[in-house]
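Participant: Chains as they are written, first to last, in our numbering: chain A, 1055 to 1564; chain B, 1055 to 1564.
Heads up, a few of these hints could be off.
[Said to hold, decoys possible] Derived DSS-like pairs: lysine-lysine, alpha-carbon spacing no greater than 30 Å straight-line: (1) 1243(A) to 1095(B); (2) 1369(A) to 1430(B); (3) 1367(B) to 1243(A); (4) 1279(B) to 1430(A); (5) 1516(A) to 1243(B); (6) 1083(B) to 1095(B); (7) 1095(B) to 1554(A); (8) 1369(A) to 1549(B); (9) 1549(B) to 1243(A); (10) 1297(A) to 1550(B); (11) 1367(A) to 1430(B); (12) 1243(A) to 1554(B); (13) 1297(B) to 1549(A); (14) 1369(B) to 1549(A); (15) 1549(B) to 1297(A); (16) 1369(B) to 1367(A).
If you're looking for bench data, these hints aren't it; they were derived computationally from the structure.
2 protein chains.
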Amino acid sequence: MLNVSIAPDGKKYPLPTEQENEKEREILKQITAEQRKLGRKIVAVQGLGFVGCVMATVVADATDKDGNPYYFVHGHQRASKRSYWKVPVINSGVPPVASSDPEVPQIFHRTVVEKKNFRATSEESVYGLVDVVVVDIQLDATKPSFGEAEKGYCDLLAFREGIRTLGQHIRPDCLVLVETTVPPGTCEKVVKPILEEEFTKRGIDVAANPPLVAHSYERVMPGAKYVASIRDFWRVFSGVNEKSIELCREFLSNCLNVEEYPLTQLDSTNASELAKTMENTYRAVNIALTLEWARFAEQIGVDIFKVREAIRKRKGTHDNLLRPSLGVGGYCLTKDPVLANWAMQTLFGLEGSLEMAIRSVNINDTMPLHTIEIIKREFESLSNLKVAVLGVSYLENVGDTRHSPSKTLVEFLRKEFATALTHDPYVEAWPELDESKVESDLNAVLPGADVVIFAVGHDQYKGLKPAEVVAMCGTKPLIVDCSNFLSDATIAEYKKLGCKVRGVGKGHIV
Amino acid sequence: MLNVSIAPDGKKYPLPTEQENEKEREILKQITAEQRKLGRKIVAVQGLGFVGCVMATVVADATDKDGNPYYFVHGHQRASKRSYWKVPVINSGVPPVASSDPEVPQIFHRTVVEKKNFRATSEESVYGLVDVVVVDIQLDATKPSFGEAEKGYCDLLAFREGIRTLGQHIRPDCLVLVETTVPPGTCEKVVKPILEEEFTKRGIDVAANPPLVAHSYERVMPGAKYVASIRDFWRVFSGVNEKSIELCREFLSNCLNVEEYPLTQLDSTNASELAKTMENTYRAVNIALTLEWARFAEQIGVDIFKVREAIRKRKGTHDNLLRPSLGVGGYCLTKDPVLANWAMQTLFGLEGSLEMAIRSVNINDTMPLHTIEIIKREFESLSNLKVAVLGVSYLENVGDTRHSPSKTLVEFLRKEFATALTHDPYVEAWPELDESKVESDLNAVLPGADVVIFAVGHDQYKGLKPAEVVAMCGTKPLIVDCSNFLSDATIAEYKKLGCKVRGVGKGHIV
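Could you put the whole structure together from the sequences, leaning on the hints where they help?
Facilitator: Here it is, written out as C-alpha cells:
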C-alpha cells in the first residue's frame, strides 16, 4: 500500500500529493495572516508524538487575562506512512494518542474545533511563518546489545535533519525551543551550529542575528493527569543567549501554570540538558538498587515492600525510594542515562563513564529475567509451559507499551520454548513485539495456564478474586506477583486453593 | 603505662583491681535491689560508645505519666585501657562524648546526678541482674583494600564475645535488644545460637526458655539534635519470637516518643537488619551518583548544585537527591553496604553481590582523590606544595572524625609529597590519622598556603571573608570548594583578589 498512512484503528489516509501540498502552503499563509490580525503570535510544534501533540494543545489553550488566546499553533508532522495519519485525525478534533486522562479529548476538541487555534500540517514551509518553534522530535538511545548499556549511543541523524529543516525556513528572530530530551551538549554543539550553517547559506549574518535557541524539558507522565503534567508542573529552562532566555521565559510563562509552579532558570543549555538526564538517572539508579535488594530479601525470607515502607517513613530523606518490579519501561529511565554517558564520551570527548548510570540501566533492562528465574525455581523446564502474562504496558492503568519490560519477559520465555499468552485491558496492539497478540479477555489467556504472572498493576488485576482466576485456569497455576500487587490475604487465598505463590522481593511467602 | 585508661582530656583513670571489682559486684546487687523496690525495671546497655551512652540516658530519662522513671540503667563498658575512662566520667555526671547538642550534658546530669537512675560499670556480672540488655557494641566493616569494598568483611569476633558474655549471665527471661547495626541475619544466625549454647551450658532448657532476642535500629545523627535523633524519631523493630516482640514493643514504647513517631514492626529480625543496611545504602548510592555527575558537570561548565536544586523541586519523588562533596564519612554509609554484601555471601552463602551497593562505596571511598585531581589540574607537581585543609570531621559543625574523607585527602596529599596542614574548630585530636595535628587557629595553617581546601562546611568557614583568608595566607592560593560552601559572590571576590577558585561539581567557575 503505497502512499497511505494507516491509523491504529485501521483507517487509511492517503499521503498528500504535491498539488495538495501546494494548496496547503497557501492555506497556511492565509491562516497565519488571519491569526496575526487577531493579535496572536504563531507557534509551530515540530513532531506530534507523545509530548508534542499535547504540548501543542496546551500552548493553544493558553489565554491572557481577558480570555484571548496568546497563540495560534501549527502542529507539524512529516508526511511519513507511519505518522501522517495524525494530521487528519488531529484536524478532526480527535487526539492521536489514547489516554485515561479525560482532559485529553477535551483539550483537543476545545483548541481544534472550538477555539480553532490549533491545526496540524505536514508542510514544512510552515516554519517560515512562526515566532516560536517547539522541538518535540523523538530521539531515542540505541542499545545494540542487551544488558550492555555501555555500548549504547544516540543516533542524531533524524534530529539533525529536523533542525536543519528549521534552519532552512525560520525567520532569524524565531525562537527554537528544544523540548526533546537530548544528550547534554546538544543545543550548543548540534542545534546552534546547524542553524548558523543554514542561516549563513541563506545570507543571514549570524553575528548580527545569532540563532535563538532555548531548552526546557517536560516532565510528562502518561495516565490520568497527562495534560496537567505538562501544564501544571515545575519547569526548568535555559538558553544560549540573553534574548533566547527572555523569549523562552515569556513563552513558558504564557503557556504554563507558573504561578503555582514557578520556573527554574539554569545557567546554560548544558545545565538544563544535564538536569533532565540526571533527574531520570536518579530514578533508574534508585530502582536498580531495589532490585538487587529484592533478590537478597527474597532469598532470606524478607518482604522487601514492607522494608521499603519502613525506610520511607523518613520523609524528606528516604521517601523517594522506589519499588522493585518486573522491570523498568517507558521512554525516559531506559534511555536518559545512556544519552548522558554517550554525550560525555562523544559530544564532549571526556574520559571515563557514568558508571552508576550505566550499571543501573543494565540491571533494570535485565530485570525481567529475574521473574523467569523465579519460575525456573518451580519447574524443571520452561519448555511447553503455558504462561499467562497479565499486563504488557509499562505502567499501571495506562496502555503505553514503549520499552515495556513485559516484552523482554515474553521474548525470554519464548527463547526457552514456553508459550506466553498476553493480556492487557489497555493495549490493543503491541507494535514493539513480533508475532504478538494482546488479549482483552482473560478467558483467552488463563485456561490451562501453568503460570500466571501479574506483570503490571492494572486495577483490573488487583481486583481479581483468586477463586475466579483458579476457576478460569482450570489448573492450580503458579502465581507470580511482580510488584506486591497481591495482599497477604489474597496470597493466603491462592494458597488455600492449592496454588503456589511467588513474588519479586517477597521472600516471606515461601 | 599499664592498667591506666586515658580520657581525651588527658586525665588518667587506673583500671579497677580484682578487689575493687569484688566490691563493685556487691554495690551492683545492692543498687539493683533498691531500685527494684522502687518498682523500676532494670536495664543494662552493653557498650557506651556513640549510640550506647546517649541511649542509656534516654532510657533512664523515660518516666510514666506520674513522672516516675520506668527503669534503672546500668551502662556497661569493659575495663579496657582504650575505653574504661568512660565509666568514672559518666558516673561524675559528664557525657563521654563531645556534642553541639545542649541536651547531651543536661540529660547526663539529670539521669546520673539528679534522678540517680543511670550508672556506669565495668563489671559484667551486671547482666545477671537485669530485665533488658540493649546491645550497643561497636561493629565495623573491615575493608582491607582501598577502593575495593567487594573485599570487605565483618569481623564478628568481639561482637560474638559480647553476646557470649550475655549468655553466661542473663536470666532466661531477659530481653536482648540488639541496637547495633549488624549484618542481616545476625540475630537469627549469631546472637540466638550463642545464647542457646550458653543457656544450655548453664542447664537452662532452651525449648522451654528460648532466648528473647529483638532488633531495633537507631537512626542517630550527631550534631545539634543528637538526643532527639534517638528519642524523637521513627523506629523499626522486630523479634525472633512473639514474646521478644512484645517485650521490645513495650520497652521502646516506654522510652521513646512513639506518639509522634509510631513504631514500625517488621516480620523478622532479618527484615529489620536488612532495612537498616538498605536505608544507609540508599544514601550511599545516591551520593555516588552525584559524584559521577559532578565530575561530568565540572568538565562541561555546569554547576551541579544548581542542577540539584532544579531536580529537587519535584518534592516526594526527587527531593532526596544528595550533594557531592569531598567524600563520605561517618560510621554508617561507609560500612553498612559492605555489611549487607558480606552477610549475603557469607552468613547466607548466596551467590552474586550487591553491585550497586559495593560500587557506591568504592566511588565514595575514593571521592577525595577527585579533589586532588582538581588541584593537579593547576599545579605541575604536588611535591612541596603547602595545602591548608579546612575541616577534618566528616560532618559540618560536628567534631566527629570517624572515617572522615579528610583522612584520605591528607594521606594522598602526603603520598605525593605535599605538606598538608589541617584545621578544625571542633576537633582536638584526630586518632584515626598518624602524625596528625589539628590546629584550631587559622594562623597556624594558612600562612604561605599554595592551596586552601574548604573540605567541610563548618559555619566558621562559610563565614570567612576572602580578604581575611588571602591576607592570612600572604599568597594568592588556589581555593578549592568541596561542596558548594562558597557563594558565587564569594567566589567572585576571591577572583578579584587574584586567586583561582575551583570546586567539586562547579564547572561554571572556570
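Participant: Please go over all the hints and tell whether each is borne out by the structure.
Facilitator: Tested hints:
1. 1243(A) to 1095(B): Not OK: residue 1243(A) and residue 1095(B) at ~72 Å, beyond 30 Å, violated.
2. 1369(A) to 1430(B): violated (40 Å)
3. 1367(B) to 1243(A): With a Cα-Cα distance of about 28 Å, the restraint between residue 1367(B) and residue 1243(A) holds, given a limit of 30 Å.
4. 1279(B) to 1430(A): violated (50 Å)
5. 1516(A) to 1243(B): violated (37 Å)
6. 1083(B) to 1095(B): Roughly 14 Å separates the two Cα atoms, so the pair holds.
7. 1095(B) to 1554(A): With a Cα-Cα distance of about 47 Å, the restraint between residue 1095(B) and residue 1554(A) is violated, given a limit of 30 Å.
8. 1369(A) to 1549(B): This hinted pair is violated, its Cα atoms lying about 40 Å apart.
9. 1549(B) to 1243(A): With a Cα-Cα distance of about 29 Å, the restraint between residue 1549(B) and residue 1243(A) holds, given a limit of 30 Å.
10. 1297(A) to 1550(B): The given pair, whose Cα atoms are some 28 Å apart, holds under the 30 Å limit.
11. 1367(A) to 1430(B): violated (43 Å)
12. 1243(A) to 1554(B): Distance ~28 Å between residue 1243(A) and residue 1554(B) Cα, so the pair holds.
13. 1297(B) to 1549(A): This hinted pair holds, its Cα atoms lying about 28 Å apart.
14. 1369(B) to 1549(A): Given that 30 Å is the threshold and the Cα spacing comes to 40 Å, the pair is violated.
15. 1549(B) to 1297(A): Roughly 28 Å between the alpha carbons, so the hint for residue 1549(B) and residue 1297(A) holds.
16. 1369(B) to 1367(A): Answer holds: residue 1369(B) to residue 1367(A) is near 15 Å, not above 30 Å.
The structure fails hints 1, 2, 4, 5, 7, 8, 11, 14 (numbered hints given earlier, in ascending order).
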